[in-house]
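Chemist: Once you've looked at the hints, dock chain Z with the ligand against the given chain Y.
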Amino acid sequence: MSASESIFPPNPQWTEAGTSQVPFWAYTRDDLHQRELERLFYSKHWCYIGLEAEIPNPGDFRRSVVGERSVIMVRDMDGNINVVENVCAHRGLRFCRERQGNQKDFFCPYHQWNYSLKGDLQGVPFRRGVKQEGKINGGMPKDFKLEEHGLTKLKVATRGGVVFASFDHGIESFEDFLGSTILHYFDRVFNGRQLKVLGYRRQRIPGNWKLMQENIKDPYHPGLLHTWFSTFGLWRADNKSELKMDEQFRHAAMISTRGKGGKNEEVVSGVDSFKETMQLNDARLLDIVPEPWWEGPTAVMTTIFPSVIIQQQVNSVSTRHIQPNGHGSFDFVWTHFGFADDTPEMHQRRLIQANLFGPAGFVSADDGEVIEWSQEGFEQSPTKHTVLEMGGHEIGNTEHMVTETLIRGMYAYWRKVMEV
Amino acid sequence: MVDFQTYYAVLNLYSDYARVCDSADWDKWPEFFVEEGIYRLQPRENFEQNLPLCLLALESKAMIRDRVYGVKETLYYDPYYQRHIVGIPSILSIEPHEQGERIRAEANYVVVRTKLDAESTVFNAGYYRDEIIRTAAGLKFLSRLCIYDSEMIPNSIIYPI
Ligand SMILES: [Fe+2]
Chain Y
0 MSASESIFPP
10 NPQWTEAGTS
20 QVPFWAYTRD
30 DLHQRELERL
40 FYSKHWCYIG
50 LEAEIPNPGD
60 FRRSVVGERS
70 VIMVRDMDGN
80 INVVENVCAH
90 RGLRFCRERQ
100 GNQKDFFCPY
110 HQWNYSLKGD
120 LQGVPFRRGV
130 KQEGKINGGM
140 PKDFKLEEHG
150 LTKLKVATRG
160 GVVFASFDHG
170 IESFEDFLGS
180 TILHYFDRVF
190 NGRQLKVLGY
200 RRQRIPGNWK
210 LMQENIKDPY
220 HPGLLHTWFS
230 TFGLWRADNK
240 SELKMDEQFR
250 HAAMISTRGK
260 GGKNEEVVSG
270 VDSFKETMQL
280 NDARLLDIVP
290 EPWWEGPTAV
300 MTTIFPSVII
310 QQQVNSVSTR
320 HIQPNGHGSF
330 DFVWTHFGFA
340 DDTPEMHQRR
350 LIQANLFGPA
360 GFVSADDGEV
370 IEWSQEGFEQ
380 SPTKHTVLEM
390 GGHEIGNTEH
400 MVTETLIRGM
410 YAYWRKVMEV
Chain Z
0 MVDFQTYYAV
10 LNLYSDYARV
20 CDSADWDKWP
30 EFFVEEGIYR
40 LQPRENFEQN
50 LPLCLLALES
60 KAMIRDRVYG
70 VKETLYYDPY
80 YQRHIVGIPS
90 ILSIEPHEQG
100 ERIRAEANYV
110 VVRTKLDAES
120 TVFNAGYYRD
130 EIIRTAAGLK
140 FLSRLCIYDS
150 EMIPNSIIYP
160 I
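Residue numbers (numbering that gives the first Met the number 0), protein chains in the order written: chain Y, 0 to 419; chain Z, 0 to 160.
These aren't lab readings, by the way, just hints derived from the structure by calculation. A hint or two may mislead.
Unchecked claim - Below are the SDA-like pairs computed for lysine to any residue, each with C-alpha atoms no more than 25 angstroms apart in a straight line:
{"no.": "1", "chain 1": "Y", "residue 1": "K134", "chain 2": "Y", "residue 2": "K152"}
{"no.": "2", "chain 1": "Y", "residue 1": "K195", "chain 2": "Z", "residue 2": "E58"}
{"no.": "3", "chain 1": "Z", "residue 1": "K114", "chain 2": "Y", "residue 2": "S380"}
{"no.": "4", "chain 1": "Z", "residue 1": "K71", "chain 2": "Y", "residue 2": "K134"}
{"no.": "5", "chain 1": "Z", "residue 1": "K114", "chain 2": "Y", "residue 2": "I170"}
{"no.": "6", "chain 1": "Z", "residue 1": "K114", "chain 2": "Y", "residue 2": "G325"}
{"no.": "7", "chain 1": "Y", "residue 1": "K259", "chain 2": "Z", "residue 2": "E72"}
{"no.": "8", "chain 1": "Y", "residue 1": "K239", "chain 2": "Y", "residue 2": "V196"}
{"no.": "9", "chain 1": "Y", "residue 1": "K195", "chain 2": "Z", "residue 2": "D148"}
{"no.": "10", "chain 1": "Z", "residue 1": "K71", "chain 2": "Y", "residue 2": "G325"}
{"no.": "11", "chain 1": "Y", "residue 1": "K117", "chain 2": "Y", "residue 2": "H168"}
{"no.": "12", "chain 1": "Y", "residue 1": "K103", "chain 2": "Z", "residue 2": "E47"}
{"no.": "13", "chain 1": "Y", "residue 1": "K154", "chain 2": "Y", "residue 2": "G91"}
{"no.": "14", "chain 1": "Z", "residue 1": "K27", "chain 2": "Y", "residue 2": "Y219"}
As the list claims (entries may be wrong) - Example chain Y residues on the side facing chain Z (calculated, C-beta under 7 angstroms, incomplete):
{"no.": "15", "residue": "A88"}
{"no.": "16", "residue": "R200"}
{"no.": "17", "residue": "I204"}
{"no.": "18", "residue": "Q310"}
{"no.": "19", "residue": "L350"}
{"no.": "20", "residue": "E368"}
As the list claims (entries may be wrong) - Now the stretches of chain Y that chain Z is said to cover, found in silico as 3 or more residues with beta-carbon under 8 angstroms:
{"no.": "21", "stretch": "192 to 199"}
{"no.": "22", "stretch": "266 to 280"}
{"no.": "23", "stretch": "358 to 367"}
From a predicted model like this one, the values you see are computed outputs, not experimental measurements. We put the CB at the ideal spot given by N, CA and C, even for glycine.
Here chain Y stands alone, though its shape is the one from the complex (with noise of 0.2 angstroms):
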């Protein structure tokens, strides 16, 4: 680029064809982060909302985000699963203030209005008026229907224990969504076993959020950037593994089976993360237990565009959850869980091999650091691009993970649905 040319033109262009350079204005720009949240988490693709065993109780409640609103996911009386927006219908309120509860109703302190918990108005305070010396004063006009004045219902899916929702009731099927290659892994998690919740972690990073998806359907990073896969062969150009996508190329699985680790000097040689003599002093950290339902690979990571990813890395389990706050910024918030038959040496077994993942975790620490970096050029230099030519510039599902193929798909269809 000429010392001439504008470091921020008013209406950047992406010229070139196909998706192996990305403009760095993708993750910069206020007008396509709206455009983002408008096609990709409120219309037409199901978001994450969270996990049934969450709320298993009639009245149980709990918050969450679609995009950037606020929603809360409910278990009816009659035990149906409902979301709705949590905006008051009359003076738009965020009106849920915990994060969790039961109750039998909604309401908003402000006015009083009060929701049923399938997001119908039930009734407003002074509705026919107030009487006062033989007259009545004000109330709601005639035409006034409760029924016009419900919370926003959100379409809802479940499916293994697992809460998505769409804003869109126009909206394809859950497995059709998914794809049946997607759905096989989302299935090999949540095969119908009750599902138990370990906790939360919460961390907010300062980047785009596209950046996390990409970060889980790029293969090619974790033997580099992570010494615990590389030295340990947990993850790493080695290993036997497949990547595979949806049709549209939104969605991904990477799987992969561990390898011996150690040196494979083509894989190493020269890479700074890597350690030959590193040993853990205490191996629970790295008890790995084969478990049936892996059928093979020891790591299966699911992206669903936009909102969720599902980690399986050995014994442990989570959803991490992308709740975007502005073009630079996102939530990431994850869900630890194992299962109700986990025999008490497994349930420790996941709640130390955490300590691999999340935002002090051995392993995804520096997931988070990284994005913020890459956040950091993008804003100082909107026009250059990033390069996605690993294994070529061709998109398509392969038996090995070096190649930044999955990128290439996930940009692939943003630029048609963002017609960008």
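Modeler: Structure of chain Z with the ligand alone, referenced to chain Y:
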């Protein structure tokens, strides 16, 4: 009623711990714990709902050493300074223990983080829930539980709290 000598020893333990955490002298961090000592950093929401997940759950001094190795050798991160402000500890109880006495104590803490080229910000706020025993080498932690209020980790936590 706790005698002054014991209280003074607890005060020393707390201030030494904070000094080591703030001076980046990571190899000294495990030495505050007995061999079977436990260090946990846990969000308050999990603690209060009896959910066992921690941000870090280091279940032995050996595991704490593994964390030190991680901080020094395996993690890539933005370097930062940290500064612990630890409140006056409360001694909750002193009970007999197979290795002498077990002291249960708590204290509030705030950790301020300063990244290069950046202002200083509150990084993590919470309290320590401790079990301490007297050893030949002075007071050591049987367990140090850091329960933090901070709802959002500002990207990552690398160094010990
Ligand atoms: Fe990573």
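Chemist: Each hint needs a verdict: does it hold in this structure or not?
Modeler: Results for each hint:
At roughly 38 angstroms between alpha-carbon atoms, K134(Y) and K152(Y) are farther apart than 25 angstroms, so this suggested pair is violated. For the given pair, K195(Y) sits about 22 angstroms from E58(Z) by alpha-carbon distance, which is consistent with the 25 angstroms threshold. Distance restraint check for K114(Z) and S380(Y): the Cα-Cα separation of roughly 22 angstroms lies within the 25 angstroms cut-off, and the hinted pair is therefore satisfied. With a C-alpha separation of about 78 angstroms, the suggested pairing of K71(Z) with K134(Y) is violated against the 25 angstroms cut-off.
For the given pair, K114(Z) sits about 45 angstroms from I170(Y) by alpha-carbon distance, which is inconsistent with the 25 angstroms threshold. In summary, the hint linking K114(Z) to G325(Y) is supported, as the alpha carbons are separated by about 23 angstroms, within the 25 angstroms threshold. For the hint linking K259(Y) to E72(Z), the alpha-carbon distance of about 22 angstroms falls within 25 angstroms, and the restraint holds. For the hint pairing K239(Y) with V196(Y), the CA-to-CA distance comes to about 31 angstroms; that exceeds 25 angstroms, so the pair is violated.
In summary, the hint linking K195(Y) to D148(Z) is supported, as the alpha carbons are separated by about 24 angstroms, within the 25 angstroms threshold. Note on K71(Z) and G325(Y): the hinted pairing is violated, with a Cα-Cα distance of about 34 angstroms set against a maximum of 25 angstroms. A threshold of 25 angstroms between alpha carbons decides the hint, and for K117(Y) with H168(Y) the separation of about 16 angstroms falls inside it, so the pair holds. With a C-alpha separation of about 23 angstroms, the suggested pairing of K103(Y) with E47(Z) holds against the 25 angstroms cut-off.
The hinted pair formed by K154(Y) and G91(Y) meets the criterion: a straight-line CA distance of about 21 angstroms does not exceed 25 angstroms. This hinted pair does not check out: K27(Z) and Y219(Y) have alpha carbons roughly 36 angstroms apart, beyond 25 angstroms. With its C-beta approaching chain Z no nearer than about 28 angstroms, A88(Y) sits outside the 7 angstroms limit, and its interface hint is violated. For R200(Y), the shortest C-beta to C-beta distance to chain Z is roughly 6 angstroms, which falls under 7 angstroms, so the interface hint holds.
At a threshold of 7 angstroms, the smallest CB-CB gap from I204(Y) to chain Z is about 5 angstroms, leaving the interface hint in force. Of the supplied interface hints, the one on Q310(Y) is violated, with its beta-carbon coming no nearer than about 13 angstroms to a beta-carbon of chain Z, more than 7 angstroms. The interface hint given for L350(Y) holds, since its Cβ lies 6 angstroms from the closest Cβ of chain Z, which is under the 7 angstroms cut-off. With a least beta-carbon distance of about 5 angstroms to chain Z, the hint placing E368(Y) at the interface is held under the 7 angstroms criterion.
Residues of the stretch 192 to 199 of chain Y with a Cβ under 8 angstroms from some Cβ of chain Z number 4, which satisfies the need for three, so the listed coverage holds. Counting residues of the stretch 266 to 280 of chain Y whose beta carbon lies closer than 8 angstroms to any beta carbon of chain Z gives 5, which meets the minimum of three for the stated coverage. Only residues whose C-beta sits within less than 8 angstroms of a C-beta in chain Z count toward coverage, and the stretch 358 to 367 of chain Y has 6 of them, enough to reach three; the restraint holds.
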